[in-house]
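Go ahead and model the full structure; you've got the sequences and the hints to work with.
Residue numbers (numbering that gives the first Met the number 0), protein chains in the order written: chain R, 0 to 249; chain F, 0 to 230; chain A, 0 to 228.
It is worth saying that the hints were derived from the structure and are not from the lab.
Hints should not be assumed to be uniformly reliable.
[As the list claims (entries may be wrong)] To give an idea of the interface, some chain A residues facing chain F are shown, with a C-beta separation under 10 Å as derived from the structure:
1. Ile22
2. Pro78
3. Ala167
4. Val187
5. Phe191
[To be verified] The list that follows gives simulated cross-link-like pairs (lysine-lysine, DSS-like), each with its CA atoms no further than 27 Å apart:
6. R:Lys103 - F:Lys220
7. F:Lys42 - R:Lys64
8. R:Lys103 - R:Lys139
9. F:Lys220 - R:Lys139
10. R:Lys225 - R:Lys32
11. R:Lys77 - F:Lys220
12. R:Lys32 - R:Lys103
13. A:Lys137 - A:Lys124
Backbone N, C-alpha and C define an ideal beta-carbon position, used for all residues, glycine too.
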Amino acid sequence: MNDNNQEPIIILQDVCKFFGDFQALRNINLQVKKGQRIVVCGPSGSGKSTMIRCINRLEEHDSGKIIVSGRELTSTVKDIDAVRREVGMVFQNFNLFPHLTAIKNLMLALKLVRKMNKSQAQETAMRFLERVRIPEQADKYPIQLSGGQQQRVAIARALCMNPEVMLFDEPTSALDPEMISEVLDVMIDLVNDGLTMICVTHEMGFARSVADSIVFMDWGEIVEMKSPDEFFENPESERTKLFLSQILSH
Amino acid sequence: MADLSVWWDDYFWGAMTVLKVFGVSVIMTVIFGLIGASAKLSKSRIAHKIASAYTIAFRGTPELLVLLIFYFGSAITLTSITHIFSPETQFVDIPPFWAGSFAIALIVGSYATETFRGAFLGVDPGVVEASQALGISNVHTFFYVRIPQMWRLALPSFGNHMLSLMKDTALISIIGLEEILFVAEMATAVTYKPFLMYMIVALIYLSITTVITLVVMGLEKIANRHLEGAP
Amino acid sequence: MTFEFLLILESIPKMLAGLGITIQLLFLSSFFGLCLGIILLLMRISGRWYLSFPAFMYIYFFRGTPILVQIFVIYHGFPQFEFIRESIFWPILREPFGCATLSLSLNSAAYVSEILRGGYLGVEKGLHEAGMALGLSKYHRFFFVTTPIAVRLALPAYSNDFISMIKATALASTITLMDMTGVARTIVSKTFAPYEIFIAAAIIYLIITWFFQRGFGLFEKRISRYTIR
Numbered sequence: 000m001n002d003n004n005q006e007p008i009i010i011l012q013d014v015c016k017f018f019g020d021f022q023a024l025r026n027i028n029l030q031v032k033k034g035q036r037i038v039v040c041g042p043s044g045s046g047k048s049t050m051i052r053c054i055n056r057l058e059e060h061d062s063g064k065i066i067v068s069g070r071e072l073t074s075t076v077k078d079i080d081a082v083r084r085e086v087g088m089v090f091q092n093f094n095l096f097p098h099l100t101a102i103k104n105l106m107l108a109l110k111l112v113r114k115m116n117k118s119q120a121q122e123t124a125m126r127f128l129e130r131v132r133i134p135e136q137a138d139k140y141p142i143q144l145s146g147g148q149q150q151r152v153a154i155a156r157a158l159c160m161n162p163e164v165m166l167f168d169e170p171t172s173a174l175d176p177e178m179i180s181e182v183l184d185v186m187i188d189l190v191n192d193g194l195t196m197i198c199v200t201h202e203m204g205f206a207r208s209v210a211d212s213i214v215f216m217d218w219g220e221i222v223e224m225k226s227p228d229e230f231f232e233n234p235e236s237e238r239t240k241l242f243l244s245q246i247l248s249h
Numbered sequence: 000m001a002d003l004s005v006w007w008d009d010y011f012w013g014a015m016t017v018l019k020v021f022g023v024s025v026i027m028t029v030i031f032g033l034i035g036a037s038a039k040l041s042k043s044r045i046a047h048k049i050a051s052a053y054t055i056a057f058r059g060t061p062e063l064l065v066l067l068i069f070y071f072g073s074a075i076t077l078t079s080i081t082h083i084f085s086p087e088t089q090f091v092d093i094p095p096f097w098a099g100s101f102a103i104a105l106i107v108g109s110y111a112t113e114t115f116r117g118a119f120l121g122v123d124p125g126v127v128e129a130s131q132a133l134g135i136s137n138v139h140t141f142f143y144v145r146i147p148q149m150w151r152l153a154l155p156s157f158g159n160h161m162l163s164l165m166k167d168t169a170l171i172s173i174i175g176l177e178e179i180l181f182v183a184e185m186a187t188a189v190t191y192k193p194f195l196m197y198m199i200v201a202l203i204y205l206s207i208t209t210v211i212t213l214v215v216m217g218l219e220k221i222a223n224r225h226l227e228g229a230p
Numbered sequence: 000m001t002f003e004f005l006l007i008l009e010s011i012p013k014m015l016a017g018l019g020i021t022i023q024l025l026f027l028s029s030f031f032g033l034c035l036g037i038i039l040l041l042m043r044i045s046g047r048w049y050l051s052f053p054a055f056m057y058i059y060f061f062r063g064t065p066i067l068v069q070i071f072v073i074y075h076g077f078p079q080f081e082f083i084r085e086s087i088f089w090p091i092l093r094e095p096f097g098c099a100t101l102s103l104s105l106n107s108a109a110y111v112s113e114i115l116r117g118g119y120l121g122v123e124k125g126l127h128e129a130g131m132a133l134g135l136s137k138y139h140r141f142f143f144v145t146t147p148i149a150v151r152l153a154l155p156a157y158s159n160d161f162i163s164m165i166k167a168t169a170l171a172s173t174i175t176l177m178d179m180t181g182v183a184r185t186i187v188s189k190t191f192a193p194y195e196i197f198i199a200a201a202i203i204y205l206i207i208t209w210f211f212q213r214g215f216g217l218f219e220k221r222i223s224r225y226t227i228r
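Right, here's the structure in full:
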């Protein structure tokens with residue numbers, strides 16, 4: 000395939016989404032190229048999570064187009080499955096399978112979706128557990144792991160499926176402060192290896208150092224999209240300025 | 000006590016019959032319960048209505064009556080149909096073993112439907128989303144993610160359903176199944192000691208229900224294994 | 000093979016007679032079952048082993064064996080003993096109705112006592128302690144504080160058990176009692192119309208069940224009115 004960063008991996012075109020009467024997404028237009036690292040920020044309820052959840056069809060968009068790796072996302076099961084294979088997701092609440100050990104958490108999808116046999120799956124899974132630096136916890140159940148460890152397993156689980164893009168939905172918001180950095184360090188590692196990423200987060204320090212593009216959302220719209228330096232130094236809109244003043248005051 | 004030793008054999012085989020009925024019924028109960036729960040949780044209104052009718056009908060009707068409707072009803076139907084083809088047949092029925100197992104499985108299945116429904120609702124929706132996000136199909140998600148988590152929640156109530164099921168097997172003797180109550184009847188005619196003979200039946204049932212209770216307690220330990228050892 | 004509605008209409012009067020027996024059986028067994036159940040409960044929670052152990056064994060036996068077997072033991076089994084045949088209870092124990100009432104009462108007592116015990120265990124410890132702090136005697140606490148709350152907690156389970164009792168009465172037909180199921184079986188054996196008659200009987204049971212469920216529901220609401228904010 001063409002590796003020149005020409006075709007965007009993800010295209011959102013005039014995407015709208017309603018929850019009953021409430022409009023959660025208003026005409027979202029966004030393009031993500033391979034290798035990009037996009038951070039999405041904004042106040043609560045601005046539609047950030049809704050937007051990325053539409054990308055892998057955990058939410059259904061009501062109008063507009065979503066195209067992932069050249070494939071349009073429709074209500075057809077085949078399209079949805081194809082898109083979900085290319086998009087990996089990490090959740091705020093980790094959502095590890097509680098009845099499976101860490102390594103089995105990774106192996107489940109490898110066996111069912113990638114159709115690997117047990118030894119292949121085990122080998123692949125161990126490799127990724129090493130990548131996120133917790134191979135020794137392979138046989139522990141999620142409840143025996145700390146929040147930071149659980150999230151790293153969750154990252155490995157999404158990553159070992161070899162997706163084109165990784166979506167992170169507030170990956171550190173449910174963590175105790177001392178565990179946030181272990182997860183962010185892993186994410187920085189992955190990004191330095193060339194991972195394409197869209198990350199919803201409140202961690203502005205992370206955004207500033209890692210992102211190549213920051214998207215600010217408010218009331219369901221994309222208000223601004225800029226490089227980190229421009230975003231923090233020269234925000235255009237009043238709303239962006241307000242948000243930054245609130246976030247950066249501590 | 001000399002009377003007893005003669006009947007040991009019969010009681011034993013009667014008990015084996017009871018256990019076979021129980022085994023077959025358990026499997027059917029689980030299937031009916033899962034189908035019913037899925038129907039109640041699905042988006043289809045028709046499925047929901049049918050499942051509701053099922054639970055209301057079978058939970059409000061005496062078990063004996065259900066058994067009688069099922070056995071005699073199917074017998075009459077089968078006899079009429081067979082009569083068309085070979086007029087000299089007197090009586091065709093579904094063997095009491097199968098008619099009975101099926102009927103009691105339908106009854107307890109209606110309770111299991113509610114139990115399973117509640118248990119499915121107790122599964123963490125976030126974990127189901129994670130499974131979907133990984134591209135795991137709905138069918139696979141159902142068997143590999145939902146069921147393993149839901150059976151832990153269903154187990155205590157399901158254990159009670161199993162005890163009810165076991166005790167309901169006694170009813171099948173009414174439609175002619177030759178199990179331990181039948182043995183007691185025969186033995187009474189010979190020994191004139193009905194109290195003793197029927198108490199033996201009671202004690203056999205008591206032993207089996209005790210074993211079931213212990214097994215369920217053991218299963219509960221296993222099901223909650225992955226929750227021990229939080230740091 | 001037609002569905003004969005006429006047959007149902009003709010059978011209804013007889014079935015209603017059977018219904019009368021069913022209802023009598025239901026209320027008598029529930030009443031005695033409740034009385035005995037309360038006694039068993041008090042024995043169970045008495046803390047004295049010579050009371051709680053027998054109660055436990057009783058409950059274990061009656062909950063672990065099928066009702067049908069219990070009915071047979073009493074109806075077929077008791078006549079084996081001369082002392083029963085010569086006792087003052089013989090007129091009752093000779094009759095199917097007496098035996099059915101006795102066995103359903105004994106059975107019900109076991110379940111009811113466990114249900115009530117569940118209610119008692121559900122009363123928060125804090126309330127016991129508040130009662131003690133106020134200087135209420137053990138018996139005062141039991142009657143005026145614990146019991147009302149325990150009853151409220153136990154009510155849903157009790158109503159379920161009552162509904163089960165309605166269904167259990169049908170088993171009396173196996174010892175020739177002409178309750179609704181007994182009548183239905185007799186009619187069916189003469190008319191060979193199992194679907195029509197049994198389904199009609201089932202519908203009547205469903206109506207009775209629905210009626211009592213509503214009744215209990217309203218009672219629960221009334222009792223729980225102080226828990227709604």
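For each hint, the structure was consulted:
no. : hint                : verdict
1   : Ile22               : violated (14 Å)
2   : Pro78               : holds (7 Å)
3   : Ala167              : holds (8 Å)
4   : Val187              : holds (7 Å)
5   : Phe191              : holds (6 Å)
6   : R:Lys103 - F:Lys220 : holds (21 Å)
7   : F:Lys42 - R:Lys64   : holds (26 Å)
8   : R:Lys103 - R:Lys139 : holds (10 Å)
9   : F:Lys220 - R:Lys139 : holds (18 Å)
10  : R:Lys225 - R:Lys32  : holds (15 Å)
11  : R:Lys77 - F:Lys220  : violated (40 Å)
12  : R:Lys32 - R:Lys103  : violated (32 Å)
13  : A:Lys137 - A:Lys124 : holds (14 Å)
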